[in-house]
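Colleague: Here is what each chain is made of, one letter per residue.
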Amino acid sequence: MSSEFLPALKLTLVTFALCGLAYPLVTTGVAQILFPQQANGSLIAGAPGRPPLGSKLIGQQFQGPRWFHGRPSAVHYDARSSGASNLGPTNQLLVEHVASRAARVWADNPTWGHKPIPADYLTSSGSGLDPDISIAAARLQAPRVARARHLSEVAVDKLIAQKTTGRGLGLFGEPRVNVLALNLALTSLQGR
Amino acid sequence: MKASDDSRSLTGPLRKTPSDTPRAERRHTPKVDVSGLYRRAVVDSFKKLDPRLLVRNPVMFVVALGTFLTLLLVFKPDLFGPSHVGPRYNAIIAAILFATVLFANFAEAVAEGRGKAQADSLRRTRSDTLARRQVAVGKYEEVSSTKLRKGDIVHVDQGELIPGDGEVVAGVASVDESAITGESAPVLKEPGTDTASSVIAGTRVVSDWLDVRVTANPGETFLDRMIALVEGAARQKTPNEIALTVLLAVLTLIFLMVTVTLEPFAIYSGSPVDVATLIALLVCLIPTTIGGLLSAIGIAGMDRVAQFNVIAMSGKAVEAAGDVDTLILDKTGTITLGNRLAAEFIPVGGHTQDELSQIAMQSSWQDSTPEGRSIVQLATRLGCSPSPAWDQGTGVEFSAQTRMSGIDMPDGTRVRKGAADSIKRYVAEQGGSIPDDLDGAVRTVAGKGGTPLAVCRGTEISGVVYLKDTIKAGMRERFAQMRSIGIRTVMCTGDNPLTAAVIAAEAGVDDFVAEATPEDKIRLIRSEQAKGKLVAMTGDGTNDAPALAQADVGLAMNSGTPAAKEAANMVDLDSDPSKLIDVVSIGKQLLITRGALTTFSIANDVAKYFAIIPAIFVAGVPELRALNIMRLHSPQSAVVSALIFNAIIIPALIPLALKGVKFRPLTADQMLLRNVVIYGLGGIIVPFIAIKAIDLLVSLAM
Amino acid sequence: MNAIFILQIAIPLLVLVAVAMPVGVFLSHLAAETPTRADRIFGPVERPLLWLCGLSREGRQMTWKTYSLALLSTNLLMAVLIYVILVAQGVLPLNPLKLGGLPPALAFNTAVSFTTNTDWQAYAGETTLSYFSQMAAITFLMFTSAATGLAAAFAFMRGLSGRTEVGNYYLDVIRILVRIFLPLAFIGALFLCWQGVPQTLSPSLHVLGPQGATQSIPVGPVASLVSIKHLGTNGGGYFGQNSAHPFENPTPLTNVVEFLLMGLIPVALVFAFGRVIGNKRQARVIFWAMAVMFLGFLILVTWAESAGNPLLARVGLDQVASGLQAGGNMVGKEVRFGIAQSALFVTGTTAFTTGSVDCMHDSLTALGGLVPLAEMMLNCVFGGKGVGFMNFMLYGILAVFLTGLMVGRTPEIFNKKIEKPEIVLASIAILIHPLIILVPSAISAVEPFGLASIANPAFHGLSEILYAFTSGAANNGSAFAGLAANTPWYNLGIGIVMLLGRYLSILALLAIAGSLAAKKKVPEGPGTLRTDTALFGTIWVGVILIVGALTFFPVVALGPVAEQLAMIAGKAF
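Protein chains in written order, with the numbering used here: chain A, 18 to 209; chain B, 15 to 716; chain C, 12 to 584.
What the hints contain is simulated information worked out from the structure, not anything from laboratory work. All C-beta atoms, glycine included, are put in the ideal place defined by N, C-alpha and C. Take the hints with a grain of salt, since some may be wrong.
Lysine-lysine pairs mimicking DSBU-like chemistry, simulated, CA-CA at most 35 Å apart [to be verified]:
hint, chain 1, residue 1, chain 2, residue 2
1, B, K545, C, K531
2, C, K431, B, K330
3, B, K330, C, K530
4, B, K330, C, K532
5, B, K251, C, K431
6, B, K673, C, K531
7, C, K582, B, K547
8, B, K545, C, K582
9, B, K330, C, K582
10, B, K547, C, K109
11, C, K291, C, K109
Label pairs and their computed distance ranges (CB to CB) [stated by the list, open to error]:
hint, chain 1, residue 1, chain 2, residue 2, range
12, A, S205, C, W314, 39 to 49 Å
13, A, G187, C, A224, 29 to 39 Å
14, B, R439, C, E69, 53 to 63 Å
15, C, A29, A, K132, 42 to 52 Å
16, C, P114, A, G81, 40 to 50 Å
17, B, I643, C, L105, 55 to 65 Å
18, A, V171, C, I198, 38 to 48 Å
19, A, L30, C, L105, 17 to 27 Å
20, C, V28, B, D683, 20 to 30 Å
21, B, I485, C, K532, 42 to 52 Å
22, B, I692, C, V28, 34 to 44 Å
Derived, one-sided and incomplete: chain C residues facing chain A with beta-carbon distance under 7 Å [unchecked claim]:
hint, residue
23, I228
24, G251
25, A377
One chain only, chain A, in its complex shape (with noise of 0.2 Å):
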């Protein structure tokens, strides 16, 4: 091996120096200029001298009735360390989680009564930061924030709409509404 030690010492130290350092600083310069914004996290400005109010792509925990509920996450929207609960399909546990989820969206939102819950509404997601839910997971819950905040279901089913994302060039992923968004708005709705 030894022939060949300097030649393939050079080349780890050039490539070393090259991709390992050289194109990650590159790129965050680059990155920096042209993306301010994303570059730095996508973060949604608090009001002035106060922390920002999140990223828009990072989920973010609601409880009550006031608020649009995200998924259920795994790490409880701890971004620190994101997770899954990785359960199985055939897991009792899995099923037991969806099963009093359900129990405890049934009994929160009493004007869907016993129908059948959207799939995203009572399963994890894969990042635990999910920050969207489907339309049917908003409609859902709809009626119970409209009358927490005393506002007609109109007004909230036109703020979801509002707050709809669309597929991705009107065709990739999936229609989706950002819990985070949808809960801002609701508040500058009311504030206004």
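Since the structure of chain A is already known, use the hints to place chains B and C on it.
Modeller: For chains B and C alone, kept in the frame of chain A given last:
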């Protein structure tokens, strides 16, 4: 030097040309007693249980080990831990496994049987004979044939066996070679010629006497080698067989790994599997079908070659024949009938037909070749009569240098016939003139595909004899077949390019080399080989030896010289060069049969999985019952049925292994499609049906 | 399943093929070392790098042995360098979270994992690695391990095309980096950043939500890593949840682009191969053979995930797709991706041996989870940087040997006879894969140190173990992430499996190429078994599936198959 085919055909010695007889009648195997074949094979299949023999076949060795382990389990079912099955089940498994080993042994024994029987009959002819060894000129001593050494000269009289392979140095005799070749008509042997001076030990002089210089030490004679070859004692695995054995061993290892690791997985799933069942699964999965039949296929292939009366010096040569890209064939005796017969006399230079007939007849009067005699016959038919003076003349034999033959009369007249350019040079050297219409006549004959022989007396060229070539029946079709499977045929001939082209077109060969010398042949072989091609050729003369050695597959004629036979890797006892084509077919058949049975063997595993996996986990993992698509009766019957199928498929396929998958003249793609459908898809489907059927029977019995 | 569902899967596939073809031409010039116009553009960049490495512009030509030696030496040095960086992380710069050095077993596993292009992660990036480690260790190795695989594939192709001198490893690596990976990764990183992937050296963000909850959000040089992670089919995430994390894969568009990035080189390599050996028909047959398998797996996982989990339907979950929700099995999936984009990613990440995940494979339905498992077991459906392609050729040799005999000639591939040496080498490569999957899985299935890490009971637990070693053996890196893999047994075991899976097969295949290159070319004729026909393509696929099925059927039956049957029967454990 000129091509050997011309030297033979023009003025070569009288010899039998078996190529004249129709093919079917020539396939005579030396009489072999096959009556006790199967009884002997049964006995042999037990003898082959010797572990030292079994270990040579990794697949069957694993089965034998499995048998042994299961046998232990019969007496102590919980040897490897708690067991859910009784000794009866273990005993059934052990019995089927044992049968599997026996079947494989039986297949090999049957394949060897015919060769052994043939070897026995050959061995009988090898029994010691007394030889008369020359100690000084005219003085002989009697010694045992086993004492003879290379270079000894022995005298053999009428009715005696020739004691060793050798070369005739004196005497002319007819020799009965039927013990070796199966050909009943005696063959003329005489000294000094390429093709008829070699004799084989164990053949009998039926008339006159011979002095023979021994060319092989005892134990190294042709007969000895032949015995070893047909018996399979010297059988070495061929390259493809070795590669396949490696692959089969690896598959065996993989399945060993699969079954060994299955136990922990089964324990995890709460459904541990019995050792006997695991062994049954292993044996079902490893390629026992091809593993059991592989050597039988190889032996049977060699045997098929032997049945064609061709002795292959190694299985490798037969296998290489299957790979051949180019066949180099001599025209004469291979593509055309050996004898070209005079069909017409074409006078030139103002000579009349009668004059020419007379001169041509004179030139051939002392020529005993078929061509020479046909000239005499044609002249006789045309009304010529011989002159008694011709008997006083001295015959001039054909030589490769002069390319002429003829007669020298006591009065100094020289009459010659031969290749047109040789005669022209000969006449010109003596100051004669060349008639203007000679070239035209030569071209006319050549244009008809004939061989033109110019005839001259003194310095005067009187005309041209049209020797007509007859292409053997069926050759055209065979060449078409060869072409369709991608083999190029090249015809070598001493003829001029024009004649050669006509014959080549008529016979349907792909290419030809005209006016070929032995050096041309070697050059041709080398240039083909440089292109990566495998070349096969036939030859018989000593001057063919280098080319035979250079070729990847060299088929020497038995009538050929020892040098040629030594250089070749196959010898045709019938001296029929077109057999090369048959050998190629056998070589291919050998490979096809191996591939087909390997594919079949592996494809079988799919069904076996569906039989065994749901069965062994039915208790612990009842979900897998859905995989029991054959609806087999019970877990135990499923395992036993799969194993029985695995065992009986070996004897069921013995006939196919021995006979070989039929070789069809198709392109590679067509052949592939056909065989993949039959042996691949068939291999997947057949066991589903068969295992279900066996299960029905087993469930009745259990 | 409506039109949009099908189109959002079909269009990325079509785009992938359309882009891969010209890239294949570009790759073929690199592989065949033919001069092109690109030399003028990249020459000035390469020259100083070559000078630093002490290389001439042509590079000394190497035999397959020297080439392998150079490859192994370089990989060893890189692994050692990275091991040191990871262990010493605590004292190195760019460490805003003040993370300490990695324990030796984890550092070994990680160094091996990224050197071998596996990118198996027994750690979560955001809580374990400093910015410096993410850049200098992880991003660096993502480039070089991918370049190593591609270089090996180039050498392999050169051997198959008849060259006994298969190029210069160092030169190949520099060229691959400068001409392919660095420019494409840079563009990809900017696109990702535009869509929302962070690229910064600032420390974590702290936010105060409208409901008053604080959140601390780690960021870092993410886009530059995620870009090469896919382009180099590496797969190791910046964050623990990989491409399911919104910062790694914020929109469906990034999902499609990440899919395209990981498929680009593997697919292009097939087209490049056709040009290198001068037989484009051959490339088309290989492409279609791989594509058919890919589509089959894609359809299977799409169907299984769309069908959802009957156990959950019984307790009140609505898994029926509609205009208002994606439906299907959403456990471990992100709303923005739904079923279609997730299924596409699952199939792609294991086909291209990337190993990044945009949904949790552990939570796929049993049959859905079988798809990535099976793709890794076959390890040749396109495959990653070169290795999958080489494996496909390995099966080709096997297919030619089995079926080639049936045409009555010594089997040939690309006009070279396959004989004992090739079969022995191919056997090593074929044998090693099940060996390093089944043996450690079997041990883990019965020994306490293996069983303790299992997260899901019964059949699924076996699938988790099996998936871990299969992922390591195939150098994929994706996981049934429930398995607690950060234990000495799994760190060392999977580490060794990754090493064997990577280098033994590369060595065996380079040796095969070397052995074939030294052989005389057999001329083609009607008697030659053609490997560039639809018929042979079918046989090729058949051999791959049958050999794969025969090897793994029993354990797969006890894992995913049994689980799926249980799930359908409504059984939970």
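Colleague: Mind checking the alpha carbons of C/K431 and B/K330 for me, to see if they're no more than 35 Å apart?
Modeller: 14 Å, holds
Colleague: Can you tell me whether the CB distance of A/G187 to C/A224 sits inside 29 to 39 Å?
Modeller: 34 Å, holds
Colleague: Is the straight-line distance between the alpha-carbon of B/K673 and that of C/K531 35 Å or less?
Modeller: Measuring from Cα to Cα gives roughly 33 Å; hence the hint holds.
Colleague: For the range 42 to 52 Å, tell me whether the beta carbons of B/I485 and C/K532 fit it or not.
Modeller: 35 Å, violated
Colleague: Are the Cα positions of B/K330 and C/K582 separated by 35 Å at most?
Modeller: 60 Å, violated
Colleague: May I ask you to test the hint 40 to 50 Å on the CB atoms belonging to C/P114 and A/G81?
Modeller: The hint (40 to 50 Å, Cβ to Cβ) holds, given that C/P114 and A/G81 are roughly 42 Å apart.
Colleague: Just to be sure I understand the hint, the distance between the Cβ atoms of B/R439 and C/E69 should be within 53 to 63 Å; is that true here?
Modeller: For C/E69 against B/R439, whose Cβ atoms are near 60 Å apart, the range 53 to 63 Å holds.
Colleague: Measure nothing beyond the straight line between the CA atoms of B/K330 and C/K530; if it is 35 Å or shorter, mark the hint as holding.
Modeller: Holds. B/K330 to C/K530 sits at ~19 Å (cutoff 35 Å).
Colleague: Does C/K582 pair with B/K547 here, judged by a C-alpha cut-off of 35 Å?
Modeller: With Cα atoms ~64 Å apart, C/K582 and B/K547 exceed 35 Å; violated.
Colleague: Would you check the hint for B/K545 and C/K531, treating anything up to 35 Å between C-alpha atoms as holding?
Modeller: Holds - the C-alpha atoms of C/K531 and B/K545 are around 8 Å apart, at most 35 Å.
Colleague: Mind checking the hinted window 38 to 48 Å against the Cβ distance between A/V171 and C/I198?
Modeller: Holds, at about 46 Å.
Colleague: Do the Cβ positions of B/I692 and C/V28 conform to the proposed distance bound of 34 to 44 Å?
Modeller: Holds, since B/I692 and C/V28 (Cβ atoms, about 35 Å apart) stay within the stated range.
In summary, the numbered hints that this structure violates are 7, 8, 9, 10, 11 and 21.
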